[in-house]
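Visitor: Each chain, letter by letter, is given below.
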Amino acid sequence: MSMVNSVDIFSVRARTPVRRRRRQRIWLYIAAGALLLVVMFPFFWMLQMSFRSMDDIFGFSLIFKPTLENYGALRTGDFPKSFWNSVAASVTSTLLSLVIGVPAAYSLSRARFHMQNRIALWILATRMAPPIAFTIPFYLAYRQLNLQDTITGLVIIYLTFNLALVIWMMQTYFDAIPQTLEEAAWVDGCSVWGTFLRITLPLTAPGLAATAVLCFIYSWNDFFFALILTRTKAQTAPVAIVNFMQYEGWEWGKIAAGGTLVMLPVIIFSFLVRHYLVRGLIAGSLKE
Amino acid sequence: MMWFNKSSLISVEAQRKRSFLLGLLPALVVLAAITIAPAVYLFMTSLTPLDLTRQEETAGDYSRPWTNYVELGSDQRFHNSVWVQVKLSIFTVLLQLVVGLGVALLLNAPSRFLEAVRTVFLIPMVLPPIVVSIIWKVIYIPDVSPIHRLLEVFGFPIESLITNPKLALWAIAVADTWEWFPFTMLILLAALQMIPDEPLEAARIDGAGSWQLFQHIILPLIRPTIVVAALFRLIDSIKAFPLIYVLTNGGPGMVTEVTNYYAFIEAFNFSYWGYAGAISVLMVAGVFFFSWLINRMAGRSALQET
Numbered sequence: 001m002s003m004v005n006s007v008d009i010f011s012v013r014a015r016t017p018v019r020r021r022r023r024q025r026i027w028l029y030i031a032a033g034a035l036l037l038v039v040m041f042p043f044f045w046m047l048q049m050s051f052r053s054m055d056d057i058f059g060f061s062l063i064f065k066p067t068l069e070n071y072g073a074l075r076t077g078d079f080p081k082s083f084w085n086s087v088a089a090s091v092t093s094t095l096l097s098l099v100i101g102v103p104a105a106y107s108l109s110r111a112r113f114h115m116q117n118r119i120a121l122w123i124l125a126t127r128m129a130p131p132i133a134f135t136i137p138f139y140l141a142y143r144q145l146n147l148q149d150t151i152t153g154l155v156i157i158y159l160t161f162n163l164a165l166v167i168w169m170m171q172t173y174f175d176a177i178p179q180t181l182e183e184a185a186w187v188d189g190c191s192v193w194g195t196f197l198r199i200t201l202p203l204t205a206p207g208l209a210a211t212a213v214l215c216f217i218y219s220w221n222d223f224f225f226a227l228i229l230t231r232t233k234a235q236t237a238p239v240a241i242v243n244f245m246q247y248e249g250w251e252w253g254k255i256a257a258g259g260t261l262v263m264l265p266v267i268i269f270s271f272l273v274r275h276y277l278v279r280g281l282i283a284g285s286l287k288e
Numbered sequence: 289m290m291w292f293n294k295s296s297l298i299s300v301e302a303q304r305k306r307s308f309l310l311g312l313l314p315a316l317v318v319l320a321a322i323t324i325a326p327a328v329y330l331f332m333t334s335l336t337p338l339d340l341t342r343q344e345e346t347a348g349d350y351s352r353p354w355t356n357y358v359e360l361g362s363d364q365r366f367h368n369s370v371w372v373q374v375k376l377s378i379f380t381v382l383l384q385l386v387v388g389l390g391v392a393l394l395l396n397a398p399s400r401f402l403e404a405v406r407t408v409f410l411i412p413m414v415l416p417p418i419v420v421s422i423i424w425k426v427i428y429i430p431d432v433s434p435i436h437r438l439l440e441v442f443g444f445p446i447e448s449l450i451t452n453p454k455l456a457l458w459a460i461a462v463a464d465t466w467e468w469f470p471f472t473m474l475i476l477l478a479a480l481q482m483i484p485d486e487p488l489e490a491a492r493i494d495g496a497g498s499w500q501l502f503q504h505i506i507l508p509l510i511r512p513t514i515v516v517a518a519l520f521r522l523i524d525s526i527k528a529f530p531l532i533y534v535l536t537n538g539g540p541g542m543v544t545e546v547t548n549y550y551a552f553i554e555a556f557n558f559s560y561w562g563y564a565g566a567i568s569v570l571m572v573a574g575v576f577f578f579s580w581l582i583n584r585m586a587g588r589s590a591l592q593e594t
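Each protein sequence line maps, in turn, to chains A and B. Each residue of the first sequence is one higher than the last, beginning at 1 in the working numbering. Each residue of the second sequence is one higher than the last, beginning at 289 in the working numbering.
The shape of chain A in the complex, shown without the other chains:
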């Protein structure tokens, strides 16, 4: 993991490659700007669609009168509830994963268990399994446990990816903190977990925050599990948008507006933790 620890792509203080001449720089900026517009065009297109009135929703002229009617239309119906379901499921899943996973990560970091590698392999295997391998047993089990169409059901299955993420990421953050601080506290009679709460954890606060945000993002973005395990009561926002596609003509205004609203929290949070995204994305594999 040393490869990505010391490098920050979003900091201008990143190391300079071979120096370029000033004129080449301008061409570089133009090329980058053009690339930006081309690549992000589909994204901006949907964005502008959400502000167009329904009778001109597919209009190609870039000059139009923006309206909020699509967003207004979302207020009636199931969408607001689904949005809050997403919030509930994501926040709860994040908190639960942290509560269970952070102490585990700390234990794995500090104590040398002989089953360490087995656990690492186990977690990696969890990440590799296709979601359908989880959804089938969970769906069948939930039918009997009455957990179908519940937030609780979602939170539990979200643990399959969030718990692994928390353990992997937090373990690397804990590994980076020298044990000498803790050992000093231990000698002074402080308990293991007391030391953890008072000394170690505060030191990993940024990493902890980044991990929490990533858990939230992964939970929020989930579509497959929510589609299969919820119906009406616990339906999350991504699935609610799909409901606008079930009728005769797709309600594109609501789809675009709904899509914009659903992506807003994720974009904001991602921007906040962008420095940690690389580590979060590849959490685990480079440890070998």
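Simulated from the structure, these hints should not be mistaken for lab results. Given the structure is predicted, the values throughout are model-derived calculations rather than measurements. Wrong hints could be hidden among the right ones.
Quick look at which bits of chain B chain A covers, simulated, 3 or more residues with Cβ under 8 Å [to be verified]:
1) 313-322
2) 361-367
3) 418-431
4) 463-476
5) 549-561
Computed list of lysine-lysine pairs in DSS-like fashion (alpha-carbon distance at most 30 Å, straight line) [what the hints assert, rightly or not]:
6) K527/B to K454/B
7) K233/A to K81/A
8) K375/B to K454/B
9) K375/B to K527/B
10) K527/B to K233/A
11) K81/A to K454/B
C-beta: ideal position from N, C-alpha, C; glycine also.
Based on the hints, put chain B in the right spot on chain A.
Guide: Okay, now just chain B, sitting in the frame of chain A:
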């Protein structure tokens, strides 16, 4: 330290170890409950002809446990889905690597502006996949797509891609690449910034051009990272679902029906849960086997290089 005898020292250590174990245990229990238990349940289900529309007869019917697997052996649709998955995975990973590397190379310079561009390029990757699917649904429906319209205006009208059996899979691969190129871009940018200046400077002084620099210095140094990125994307490519669900529904025909999707259809359209379970078990086995294979090859090639 006379009062510190050996036995009390050991017990402090043991106590601490026990504390750590207590911290680890809940996670292990939960992990076992949500991974091992479902895995066993999945396997057991795959041994039955479970059909939720005829639950009493089919649940727990282990009379002919391997029927599903035998049937899969001659299931054309299943074989097709595997082939589609292979095609999609290979093409999409290659495309993501090429695009990610290209963008990383372009944006690899310290500059406020480029830093902002890199940040904006995060967006496709962090968007909820369903939103990505909606975005590309609009792009791929000719009547409403600005891209189709643009091509028309310039005199190159093209037919719909997602209803064309030959092009539908590539259309999905393009959308998938748009969604995930920031991932490879980020990882490769990190690797590029780890490349020391000296060999590059020295080569430049000796007159090497940009392409030669790339070929002989940069590429070899970032090759391990490329492999890691490729592996990650390969494993994640099997999970592609929203794009297929929204853009093509596995069609036209079955040309975009990957194994994941086929299992989904068997379970939720036909209610053949036992059969879908068997497909899933084979998928998991395939993924694990493939990873093991890669691990073996990587280990061997590392040995060859020493």
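Visitor: With reference to the structure, classify each hint as holding or not holding.
Guide: We went through each hint and held it up to the structure:
1. 313-322: Check passed, 6 qualifying residues.
2. 361-367: violated (count 0)
3. 418-431: Answer holds; 8 residues pass the 8 Å Cβ test.
4. 463-476: With 4 residues close enough to chain A, the hint holds.
5. 549-561: holds (count 5)
6. K527/B to K454/B: holds (22 Å)
7. K233/A to K81/A: Status holds; Cα separation ~9 Å.
8. K375/B to K454/B: With Cα atoms ~12 Å apart, K375/B and K454/B stay inside 30 Å; holds.
9. K375/B to K527/B: OK: K375/B and K527/B at ~14 Å, within 30 Å.
10. K527/B to K233/A: holds (26 Å)
11. K81/A to K454/B: Not OK: K81/A and K454/B at ~41 Å, beyond 30 Å, violated.
Checked against the numbered hints given earlier, this structure breaks hints 2 and 11; the rest are met.
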